[in-house]
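Undergrad: Okay, here's what each chain looks like letter by letter:
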Amino acid sequence: MLKFDIQKTFKINSATTHKSRTLHFKGELNLSGVCAIFGDSGAGKTTLLRCLIGLEQCTGQIHFQQQIWLNQPESNNVRSKSAVHKPLLVAVEKRNIGVVFQEPRLFPHLNVQQNLQLAVNKSENSTFTIQELAEKLGFKELLNHQTTQLSGGQKQRIAIARALLTNPQLLVMDEPLSSLDASSKQLLLPFIKQISERIPILYITHSEHELFYLSKQMVLVNNGQIEAIGEPQQLFLDSELSLIKFAHQGLILNVLVKKFDSDEGLIKGCLDGQTLFISADQAPLTTQIQVKINSRDVIVALKPIVGSSLLNCIAAQVIDFSQDQQKAVILTLKINSQFIYAYITLRSFNKLNLAIGSNVFAHVKTMSIIN
Amino acid sequence: MLSAGDYQAIWLTLKLAGLTTILLMIMAPPLAWWLARSKAKLRPLIESLVALPLILPPTVLGFYLLIAFSPEHFLGQWWLSFNETSLAFSFTGLVIASVIYSLPFVVQPLQSAFVHLDKTYLEVSSTLGYGKYERLYKIIFPMLLPSFIIAGALGFAHTIGEFGVVLMIGGNIPGETQVLSILLFDHVESLQYSSAHQLSFILLVFSMSLLVVIYGFLQKRQQRVLNA
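Protein sequence lines correspond, in order, to chains A and B. The numbering used here puts the first residue of the first sequence at 1, with every later residue one more than the last. The numbering used here puts the first residue of the second sequence at 1, with every later residue one more than the last.
Hints should not be assumed to be uniformly reliable.
[Unchecked claim] In the DSBU-like style, the derived pairs of lysine-lysine whose C-alpha atoms are separated by at most 30 angstroms in a straight line are: (1) A:K8 with B:K119; (2) A:K136 with B:K138; (3) A:K245 with A:K3; (4) B:K39 with A:K94; (5) A:K11 with B:K119.
If you're looking for bench data, these hints aren't it; they were derived computationally from the structure.
Bound-form chain A, shown alone:
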């Protein structure tokens, strides 16, 4: 369990004003598996994480399992000298957190092996060895290289190994994959998921794909506050949350797998009782998959379209619509228990004479499998 209630004050010094802005984060997280921290750029995700690690000065309380990492009253004036309210701050190096930053930040004067050795030197009975991680993360042949000669993807793999070698009680990752190529991501994502079974992970991400693949729990950060904590699937459907603008681009649906046709490379699935065909390279490993349907890939018709290449036709009902700045219309379509958004032009909306309660057929051109 990670419980925190912290305030961080920034001085905003511009030419005209000397204001300060206070961010207030409060929440309680179950630490099992990956907990994703999601939100817009500038929302305060990295600040929250840096406060939790102890790299940023803040006031308030942070509790991790049985440990107290921070207990400092909000205002300096109230700081009493009595023993009861003695301010408490555990230094970063004593919190035993493994950190992977957005950039690898390897020490440039050391080679790969020496970089990793620095972490090993400080950890007691590490659960990993350099050799083991080098093999798993595929940098065995790089151990004697200078870090300055490596590519971004190679460096980040080594940075992840370095964080793990400290034998951390919590692993914290700040968009670790954001600047990496697709093949590095493909290697690292399953690895991170696998690691999270042993060590709890806090994981900042911008990517919905990473979010849904890795995490069972997410923290939604918006405008310097924690807006919600919960399961990603549920938060994405909550129209009250700021998340709705991500959701408008496309929603994630749960689909039951009926069968996989390897000749056609198609999964036959079931979405709320209706049949759905999804292209896939290989048979899915689970009986339930998550599929993202982009709202711009949905074609709305009053009757099923026949004689076209479209495979998927889902009967649905319009339960809501809204207009965006570009005058286009976003329809909320209810299938049975699940929802999809359709993004259509105002002209189409008027031509089809749509209203709340209209029964329509949603034709889906493409969709992507998340996990």
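Please build the complex by placing chain B on the supplied structure of chain A, with the hints as guidance.
TA: Same frame as chain A, but now just chain B:
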């Protein structure tokens, strides 16, 4: 060839420069760190004081030190309260003067390295479990080793080349304050040009080789690390 007096002066000069460099390598790193990181209002003033010997005529510094060392003044008085001889015209006086005189040459390369040191390396060190001081000597010092060598070498070389300050406060006592540059001046004044040539050539070759090592090797190495 070199005379016994020449050897004595060379030994004295090396002793002075060595001792000065050791003292500077103890004092300068914390000072340079503070100058590189502090936002205190006092910082520009301290920085100017440290840099002063770069532009102040050595004779001016020597003159003020001579006055400070004299028994009429606080420092000289305090020194005489537990020493028999005065600070002026003594080896100890030379060491104190050299430390002040060579300070900017040691502080500035270190300060520049500390300014260009990415703060994130300190953060990473702490997340790896290294404490406040441990991260400095186990990680940052090895990372900036070329800068430390450059700083030490410049301080050492600059002390060897010191003339004006020594002339003012050291005088010309063989074995005590007669350093190379003063002896060289003596040789020229007494028209012993071949001895002067020998000493000059030694100093020239030493200084040139040192600078070639610094600019051709150490500085490049450090920049490669800092720009990574």
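Undergrad: Any of the earlier hints contradicted here, and which numbers?
TA: none
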